[in-house]
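A.B. asks: One letter stands for each residue in the lines below.
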Amino acid sequence: MIEIKNITKIYKNGDIETHALKNISFKIKDGEFVAIMGPSGSGKSTLMHIIGCLDTPTGGQYFLDNSDVSKLSDDELADIRMQKIGFVFQTFNLLPRATVLRNVSLPLVYAGVKKEDREKRAKKALSESAFPEQFWNHYSNQLSGGMMQRVAIARALVNNPSLVLADEPTGNLDTKTGEIVLDTFQRLHIEQSRTIVLITHEPYVAEHAQRIINIRDGEIVSDNMNHHRRIINKYHAR
Amino acid sequence: MIISDIFQETYTALSANKARSGLTILGIIIGIGSVIAMISIGQGASGQIQSSIEGLGSNLLTVLPGVVQPGRGIVSSGRGAAQTLENKDIDILKQITGVAYVSPELQRRFQITSTGGNNTNSTIIGVWPEYQQVRNVSVENGSFIAENQLRSMGRVAVLGPTVAKDLFADSDPFGKTIRINKINFKVIGVLASKGSAGFFNPDDTVFVPLTTMQKILAGADFLSTIAISVEDKNLMPQVQEEAIAALAARHRVDLQNPDFSIVSQADIIGTLTQVTDTFTIFLAAVAGISLLVGGIGIMNMMLTTVTERTREIGLRKAIGAKKKDISFQFLIEAVTLTFLGGAAGVLLGWVISVAVSSFAGIATQVSWTAIALAFGVSAAIGIIFGYYPARRAASLNPIEALRYE
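One line per chain: the protein sequences are R and W, in this order.
Letter by letter, the first sequence follows residues 1 to 238 in the numbering used here.
Letter by letter, the second sequence follows residues 1 to 405 in the numbering used here.
Any given hint might turn out to be false.
Straight-line distance between alpha carbons at most 30 Å, and here's what the computed BS3-like set of lysine-lysine pairs gives [to be verified]: (1) W:323 x R:114; (2) R:124 x W:88; (3) R:27 x W:18; (4) W:322 x R:114; (5) W:186 x R:115; (6) W:18 x R:12; (7) R:71 x R:29; (8) R:71 x W:323; (9) W:18 x R:5; (10) W:324 x R:114; (11) R:234 x R:84; (12) W:165 x W:186.
Just so you know, these hints were derived from the structure itself, not from any lab.
Extracted from the complex, chain W is given alone in its bound form (with noise of 0.2 Å):
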């Protein structure tokens, strides 16, 4: 039998029984839509994440005071609690090689007031001006905190965008004053927006110098946190090394139980990306299960087929055609169906995917190996499902099953 002939009873089939193919199919067509929704709405937050996290910086190391326990992530770092980076710790980082700029850091909270009267409890950041390379932040109006300004104890503050809305609403808040735990403070730029990330919004966020902060607001010494940015990526493994060696040395401690930690850009990821992908898991399991539901509704079509068309098959036989010539036709028949079914479910998961991202506001992504894994699915239901029944057409006796009625 000639691939043409099969493809001619195939659609012969099918095409008799129009409703009930389209329905086996549309069981199908659920399914695999589904699957690749879920999927693609999975890869689209963990790539949107991965985005975000990797706009705060690129190559980025961050040096934490405390320990930060294995297994429960950085949220409970203790960070501010321990007091052990301090202002000498930058000197050491800055000598190691591949470093290209070290960000100091001490964060604080304080109620900030605008002279309108508007005021807001933000997070108040001491910074070097490195941090405008480090941390990745670009200045819309006005400009970032200078070399001078920290050497001078400069009593002037960068604001993010939330910050400045909610202290001057509409209003350009460029060159106003703004009062800092009732200290003076001149506005000397606003931030462009950078959209939160995770448990940091970098948006409701004042810049200080650090000279400023620790002198003035804080009155303490210490850093809440020392940002590294590498030169190359390939390069940052060996630098935190080098940087826990550094560190450790400096403070006196033991390598194996130090009162500071490095987390690097890459380790933040992975815990996020480790909820995402269960996310995704999980969307697509539950989506699976409509699709296997689908394959079900193709066995149960395709032995329906077989015994209305017992005598058909008694025929077939009687006249020549063997075992495998009525298997194969079968399940080219079943196949059939469920390529069908995935070609339209891939097309309906994608147009469900950008419905979702265009209403909804979730980040959406069809891959190319979520629809190849789908087509690849759809097949293999086709021959998982369509295979019993296919062997028991196959094996009808000729003579029972021209008698049949």
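The following block holds chain R by itself, in its conformation from the complex (with noise of 0.2 Å):
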């Protein structure tokens, strides 16, 4: 569950103020599959971060599964990621020089999980994102955008997330794979009812998600549920 209440964030560049997010609230459910839409310098980058935990907010609280992490230093902050958090990223920062499985069971290691429990909870994640058994012991950069980014994605999920937080993770890819990621998220939503929160600036990624919010200049413009949603294949709810 994600609560924000009346976020603002602040850039100094000497003696110029940069309003990148004006007192912002809402709140996001869990199992909800939420979009966060808006062009780019509307804020939803420096939101994604703060809700993401690599920042703080200048003014305002956000609680995470009911605890107020706005206010943490660096490393309370990296824990919070390492155990609440995963991260899918638009160039999906794989390690070019590791396998599959030891990009997808690396946030296990921060976490001091042991090797036999690592093995086993990477391949677990990486069959919940579809990743074909046969490349897992392939070099991540051996491996075409899309499969880099369900690798990506099964790295997100490794250790089993309150929330995962995708930045454009269809960016980079064609439409054809971008629509394979995008089946992967709902099949994760609808399927195991993680909490999914996605940024991006087209309105046809969005409409792939449950509801949207949309930002311009650091404030909300609209947060609605999202009728006209785009399903790619039906799943079914366990």
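The task is to assemble the complex, starting from two chains supplied on their own in separate frames and drawing on the hints.
C.D. replies: This is the structure we're talking about:
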């Protein structure tokens, strides 16, 4: 459960103050699939950094699973990220000289999980993100973009996070592979009730989500359930 | 993060850039290798000097006429100039407890000719038979000066190997006659070679009975040196003090201002090792500079690596790596580099010192302390020069690091 209360973020560059977020409030319940949409410069990246505990807000409060994380230190934030958040980036950010399994189990390395458990959980996460088994021991730089993004999704799932945070996950992919990735998110949402927040500037991508928050110039313009949701494949909730 | 994970990361990172890692390690190899080689050459030299001085006789005290001026060492002792040591001093010294042998000596340089017509200018030392025990010389061929020859002022001589070679080339000098200062002497023995020891070459000497030297060759009653062999090493300071007191009393001189001096072997070794120690420190300092340059190479490489892997660091931080995880990872990388370099450098230094002693004939000594020191220093260099890049990596902002192009 995410609760954003009156969040502001001000960047100072010399004497110039930039108000990236102006008094933003919303809630995301467990199991929701939300798209945060806005053009570049709207503050959506800043919002994502705060939701992802990569940054702290200048003002306001952020409750993640009912605990206030808006005023934690760098290392405390790292702990929160390790336990509760899974990231999927536009540029995948996989370690090129490591195997798929190693990439997926990397968050568990920092979480101090034992070697045997790591492999088991990494394999489970890879099956959940529909990554074909014959490539598990390939180096990640031998894979196609769509494959890489599914490795990244598996990596985001491996620590069983409260929140999967995807930042333009289809930005570097063609429409067809982009759809495969979006389909993976939809399946994770419906079958496993994962909480997913997807940041994008493309309305087409946002339309795959359950709810769309539009932001512009650091303020929420609209926050509505998506009644014209695109469903790629029909999944049945477990 | 478990240790084995850190080493896996380190291995992956270093093997991804084999050429760069190799060249950086090479800098450390050369640094450590030269430190080891230089220290072993220095230690070998001081070990050699020490053993050759101890070879001149063990537990030795040397009484010299005149005063050895502090700080000017034994070179400027003015040996032979002062004529304050006499035959009567010998008996007094013999009575001191702890004295094993006393060897009075008078040395002069004379022209020596062989019957074959060869001639040489060499040091002639008038000695007692005790000289052999005190100065630790061994006769290779024939015998040393004997008691009866001393009593009868026998005109016999024992040759050092260098003199024997100069006078008789390869033929056996035993039983032949030589002329010292135009007086005939019979050769009764040739000494085994001992090698040079600093300013004195015991091989380039001729020995005659002391009585013969004093009455016939030099025409003088005094002594140039009295060597005292002490029974036990621990007794040396005590014997030295008693000898000073006894001689001062007999010479009727003030203890603070005597007309003789007593030098112990330890003093000589101390002076010479001081020289070789300075030499070793100088060599090691020069080698240390190359080690420092190697360390800067490590830092340079680590800074480049951190910049190159900025996005990777950003990702690691995003998925939960703490500052210490990141800094530890890069620190271990640097230490691994220097440690590999240190191990190979010890090997290189050892090979160099073996090569130096077998090709250049200089004694070398690779000590465990030098090896332990090299490993310690290389690990320390890894930590010192790896610390700044590692901290820089750890303090990167994950958002900016992830955006880095």
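A.B. asks: Flag every earlier hint the structure violates by its number, smallest first.
C.D. replies: Per hint list: 2, 3, 5, 6, 9 violated.
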